[in-house]
Amino acid sequence: MTVSLSRVESRLKVTGGAVFAADNVATAYGYLVTSTIALGTVTAMDATAALAAPGVLAVYTPFNPLKLFGYGDNSTDETAPVLQDNGVRYNGQVIGMVVADTFEHARDAASLIAPTYDVKPGNVDFAAGVATATPTSSPVAEVLAPGVTSIDAALAASDVTVSAVYTTPHQHHNPMEPHAAVAVWTDDRLTLYTATQGVMNVVSHMARALGVDQSKVHVVNPYVGGAFGGKIGNWAHVPLAAAAARALGRPVKVALTREQTFAVSGHRPPSHQTVTLGAAKDGTLVAIKHEGVSGKSQSGPSMENVANQSLTTYASPNLHVTRAFVPLDVSAMTPMRAPGETHGAFALESAMDELAFKLGMDPLALRQKNYAVKVPNSGNPWSSKHLDECYTAGASAFGWDKRNPVPGSVRDGDWLVGLGTATATYPASRSKSTIKVRLQADGTAVVSGTGADLGTGQFTVFAILGAQALGIPAGSIVPELGDSSLPVATPAGGSTSTSSNGPAVLAAADAAKAALIAQAATNPASPFNGKTPTYANGMVSADGVSMSFGSLLTAMDLPAVEGTSSLPSGTTKGYGYLSFGAHFCEVRVNRWTGEPRVSRWLTVIDAGTIVNEKTARSQVLGAVVMGIGGALLEDSRVEPDTGRYAGANMAAYLVPVNADIPHVDVQFLNYPDTVFSPLGARGLGELGIVGVAGAVANAVHNATGKRVRDLPITLDKLL
Amino acid sequence: MRGFGYGAAASVRQALTQGGDGTSYLAGGTTLVDLMKLEVMTPAHVVDINSLPLRGIQCTPAGLRIGALERMADVAVHHEVASRWSMVATALRLSASPQLRNMASIGGNLLQRTRCDYFRDVRMPCNKRKPGSGCPAVNGANRTHAVLGTSASCVATHASDLAVALVALDASIRLQDRHGQRVVRLADFYRLPGDTPAVENQLRPGELITEVIVPACDWPQAYVKVRDRTSYEFALASAAVAVDVHRGVVRDARIAVGGVGTRPWRLPATEEALRGKPATEESYLEAAKLAVVGAKPLGDNAFKLPLVQRTIARALAGAR
Amino acid sequence: MAGSVSRRGFLGGAAAASVAGTVAWAPGRAWADPVPPARIRLSVNGKPYELDADPGVTLLDALRERIGLTGTKKGCDRGQCGACTVHVDGRRVVSCLTLAITCVGKNVTTIEGIADGDALHPVQQAFVDCDGFQCGFCTSGQIMSAVEVVSDRSVHTDDDIREAMSGNICRCGAYSNIVDAVKQARGEK
Ligand SMILES: Cc1cc2nc3c(=O)[nH]c(=O)nc-3n(C[C@H](O)[C@H](O)[C@H](O)COP(=O)(O)OP(=O)(O)OC[C@H]3O[C@@H](n4cnc5c(N)ncnc54)[C@H](O)[C@@H]3O)c2cc1C
Ligand code: SF4
Ligand code: FES
Ligand code: FES
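Protein chains in written order, with the numbering used here: chain F, 1 to 719; chain A, 1 to 320; chain X, 1 to 189.
Rather than coming from a laboratory, the hints here were simulated on the basis of the structure.
Backbone N, C-alpha and C define an ideal beta-carbon position, used for all residues, glycine too.
Hints may be right or wrong, so weigh each one.
Cut-off 20 Å, straight-line C-alpha distance, at most; resulting in silico cross-link-like pairs (EDC-like, lysine to aspartate or glutamate) [what the hints assert, rightly or not]:
1. 189(X) x 213(F)
2. 183(X) x 480(F)
3. 67(F) x 282(F)
4. 374(F) x 362(F)
5. 296(A) x 557(F)
6. 614(F) x 129(X)
7. 37(A) x 543(F)
8. 289(A) x 716(F)
9. 106(X) x 74(A)
10. 106(X) x 70(A)
11. 717(F) x 252(A)
12. 573(F) x 562(F)
13. 106(X) x 129(X)
14. 358(F) x 159(F)
15. 717(F) x 228(A)
16. 277(A) x 252(A)
17. 706(F) x 70(A)
18. 432(F) x 510(F)
19. 277(A) x 300(A)
20. 189(X) x 152(X)
21. 531(F) x 543(F)
Anything over 10 Å on all C-beta distances counts as not near chain X; from chain F, calculated [stated by the list, open to error]:
22. 6
23. 20
24. 58
25. 71
26. 156
27. 247
28. 258
29. 311
30. 317
31. 381
32. 413
33. 485
34. 649
35. 658
36. 659
Chain F with its partners taken away, still in its complex shape (with noise of 0.2 Å):
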């Protein structure tokens, strides 16, 4: 059975009623002082006309700091904690924060401060850095068929071969929300409303950097407006604002401005790949050969590892995969949308088409004949996998025979036509989830924990999931989440929101059915008392009897019964959990002027389970969106002299508008992995973006001939 059912916070999202971080009031607000060198130290700040400015509360440096403890464990957020020194390890760094009446006094107050610097020379060029790149602590994966003595041995070995060099950018998550922060104490006790994708997260480190107990500290964010991974980290605002309100004694919000999200909050390190293919003449692959290389900043221990997924992807006897980085004195970055997949499948899913150019092969067939019955680098089983139907069911909905395999042979007027195809994989996996399910006596339910709805759709999953379990219409389900003073459950963050808080809600709403049967049968007021009374669709029956769960309540007197239940996280060992998808795309290059434009999308997907159909199908098409930016448009350069990003705002750092993107066509295969879970959906919050770029590129080439294997493919690159 298929849901689609619209977001039950709808409404307050379409007349301005959900209330986001930076909409709760504040009565001082913070504006951040930002570094303009890469490397080197703060010798000087001089506060003095900051301070005198009108409305000005406070100006905090670091040599006038915040106390604030280190909080940077082996998490994402940057190691150091924000003006506990006055080194510069970015350009772009919180080095300062001045508090004001207004937002415009602190604007306008921090402008008035010029640091002076003892500048160092910076490691920022990424690309000089890729041939002396440090190899990670697991620098190499490497599967050999028997008797096979090398990766490069079996590559000799292949009829055919192909090996290129693909480059991708530093990309920028952009949510359009950018990261803001209210910090409101009363007494001893911090309530701090911050864009954030997970509550817990900012408890647990903001009570660390505070220097007070956790359960002092309750964090309220229901409506983040988009994450990407770019709200994992708790920012320098979000520790200032708290400690700035506590030193004030006054609410303050600290917004950082869109140009100070870019080195602020996190990035997509940019990433060098080597992908070497060996074939048979009849295309079986002999050996994937993937040497992965991406920037990592000094300030954070977050990296990507982008080489991975071709462990994982296509079958073939001999896989060697290498993983290292190159330092850079740039700003922390932190998980976008994929991380590794997304830069990783581009390189992989463009070789796999350089393949089949090269042995005059269908693409499409080439991905098939090589399909991954058992996971290719362990042999285990796959616990769900359909992606040969999504590679027939998308081929045939999208016209995928109709393609002319010569490139350059299709044009339409000005425009020249191409049709390109890749596949997307993203791990499935579970974490440990907490969820409440409260029956009360007005017939509602409320279903809580301490998740995160990015725009994933989460508050619809657990109204549907249940409303589903108990029986009853999804408008009588209260969903809860982004509220610290709930149990905990999974944050929003690898794919794992529905995957691992589906299933507990699901648990929940059986522990709050046997709670309430256990009263039922016991409650001296109960009709039922004595009886063994059951529960079906919101009733409770027995003898004939039947009464709705709320009337039952009523009459026992209770306010409510609850059940609470908690899954552990990980999955049955032994089998392959992947979430796999089938892109198809057609793109169109002006004949004079270049430009791609992407004219046709059609994505297929094999997720297990989709709980609602529509806020799932939203996700796989803003994920294919967000891939075509990073296909097409999405650069962001770091100046080799002073380490800043170029063009850091939205004229500049171009995301897709709504003139960039076509029709998408989504569609999904709805079969239930119950070796995953009982729930048997996987995640989908991130497949959708993978081999997105792969796709695009591919279907350049078909339409120019061209093979654009640097990140964004731009016009420049085809004229």
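Mind docking chains A and X with the ligands on chain F? Use the hints.
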């Protein structure tokens, strides 16, 4: 933003008495308010001119007059402008976004400042904003910068689309200050950066643009704007063309290009080369070669040389 | 507005045409020289509001931080995203580049002002039905734009709708659904 005094003028005369050094006129505000927030522009006083009667779109056989305070959106959809000066309407329609076009005035559009990202970041040097501080764009991120009319001091493009079409059409603007009025050809109005990139045009302190005067042109026209994103972006290259073709032969042409020059760039040599040539792709591409004579590519923008030539040819081939 | 004329004869106040503009004033005032906040009277969604603010305060910040109407969002503060779109006298504009003081005597309409009591505006309903959003942050601006597009007679095709909606960036990528929503509200679906 720096503090400033605000006043609204009720008449041209009142505006002119209030205008002068240190004062900025406020029309749509889409350049001024933006740059004031960035502290790139720091007027001590702002005079709101939106109540002035500088309105009206008049089409006569001789030409077109547009009041300086007409909004880009309204001019773009004006029926007669769209049919008789289609390159103007198209240039406007492909500019900015619908919201910005509802706000932005024709006069303001011609006076918008460059989008060079160093110019817009006050923490960076920039000769245009802070004379003598240097030009980081010359050796920096300069993919969007100019290849024509540049100097060692500044390589920023003039960002207006409208101005490109107007320069192709030989339009003029009427200027007025306390001492009187004058009419200046738009092509002469803009200055090359030379050693003084801060001086962008001939406008005197306190002077108002009151109207734009566009001669009639009944030749087929086109405005082609090439950019990475399909919409809501400035031009990497653009071409405004009007071409008079008779029996397959080009009798005359008017061509200006944008996105490549430090001011809207008229191309007399290309126009001349087209005269008497067959109206074919080959002759368009051949004549377009002259567009880049003397062009100076920078580190990231050499592609603009072939791009602008093809943009011109595409526009000529598409003129309707 | 008598009494709000600053010492340079310049009105910190609002009523546009009533400014006496004949008093000369010395240019080049130091930036920190305080300009007295003006009393700004605004009509938003048909209701009157009064606030004291510097003339540099944008309509966006006035709405969000002073009037308390936070449905209008700040995505960039530079006219580059459309999240702050509102209507001034019935035309969509970006409120981040509009000075509040220039809206005196005009009608400002925000996302909070388009529903008819409990009944959603047809465009709001279409966004719900078509899932024209995900996180909802760009949505107020998208809807305010779409309200204009729905009655725009120069818009005919899907591509026209895409172009007319291109001043509103949605990083969640709800574009296809937004086009569907506009079509539904135009009665085309
Ligand atoms: C995100 C973004 C994208 C854009 N994209 C494009 C684009 O693609 N193509 C394009 O052409 N433009 C584009 N623009 C620029 C936009 O068109 C201009 O900002 C606008 O036209 C300026 O007009 P305005 O009325 O708002 O001017 P204002 O901001 O009010 O004024 C601009 C300047 O002109 C002065 N001024 C205004 N009117 C007069 C007058 N009558 N007499 C004397 N001085 C006057 C002001 O003092 C000020 O110095 C974009 C702008 C933004 C913010
Ligand atoms: S190109 Fe011109 S505007 Fe840009 S930094 Fe150089 S001097 Fe300034
Ligand atoms: S906030 Fe106004 S356009 Fe982005
Ligand atoms: S719905 Fe999130 S940015 Fe549009």
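Exercise for the section: For the pair supplied as a hint, residue 717(F) and residue 228(A), confirm whether the alpha-carbon distance does not exceed 20 Å. Expected result: holds (11 Å)
Exercise for the section: For the pair supplied as a hint, residue 358(F) and residue 159(F), confirm whether the alpha-carbon distance does not exceed 20 Å. Expected result: Roughly 11 Å separates the two Cα atoms, so the pair holds.
Handout entry: Pair hint residue 106(X) and residue 70(A), alpha-carbon separation not exceeding 20 Å
Key = Holds. Residue 106(X) to residue 70(A) sits at ~18 Å (cutoff 20 Å).
Practice task
Grab the minimum beta-carbon distance between residue 381(F) and chain X and tell me whether it stays above 10 Å.
Solution key: holds (34 Å)
Practice task
Would you mind confirming whether the straight-line C-alpha gap from residue 189(X) to residue 213(F) stays at or under 20 Å?
Solution key: violated (55 Å)
Problem - Interface exclusion of residue 659(F) relative to chain X, criterion Cβ beyond 10 Å - result: Contrary to the label, residue 659(F) does not stay out of reach of chain X, its closest Cβ about 4 Å off (not over 10 Å).
Problem - residue 67(F) paired with residue 282(F) [C-alpha distance capped at 20 Å] - result: violated (66 Å)
Problem - Hinted pair residue 573(F) and residue 562(F), Cα distance within 20 Å - result: Roughly 33 Å between the alpha carbons, so the hint for residue 573(F) and residue 562(F) is violated.
Handout entry: Distal placement of residue 317(F) relative to chain X, Cβ over 10 Å
Key = holds (39 Å)
Exercise for the section: Please confirm whether residue 58(F) is truly not at the interface, meaning its C-beta sits more than 10 Å away from all C-beta atoms of chain X. Expected result: holds (18 Å)
Handout entry: Satisfaction of hint between residue 716(F) and residue 289(A), Cα-Cα up to 20 Å
Key = holds (18 Å)
Exercise for the section: Would you check the hint for residue 106(X) and residue 129(X), treating anything up to 20 Å between C-alpha atoms as holding? Expected result: violated (33 Å)
Violated hints for the displayed structure, listed by number in ascending order: 1, 2, 3, 4, 5, 7, 11, 12, 13, 17, 19, 22, 23, 28, 34, 35 and 36.
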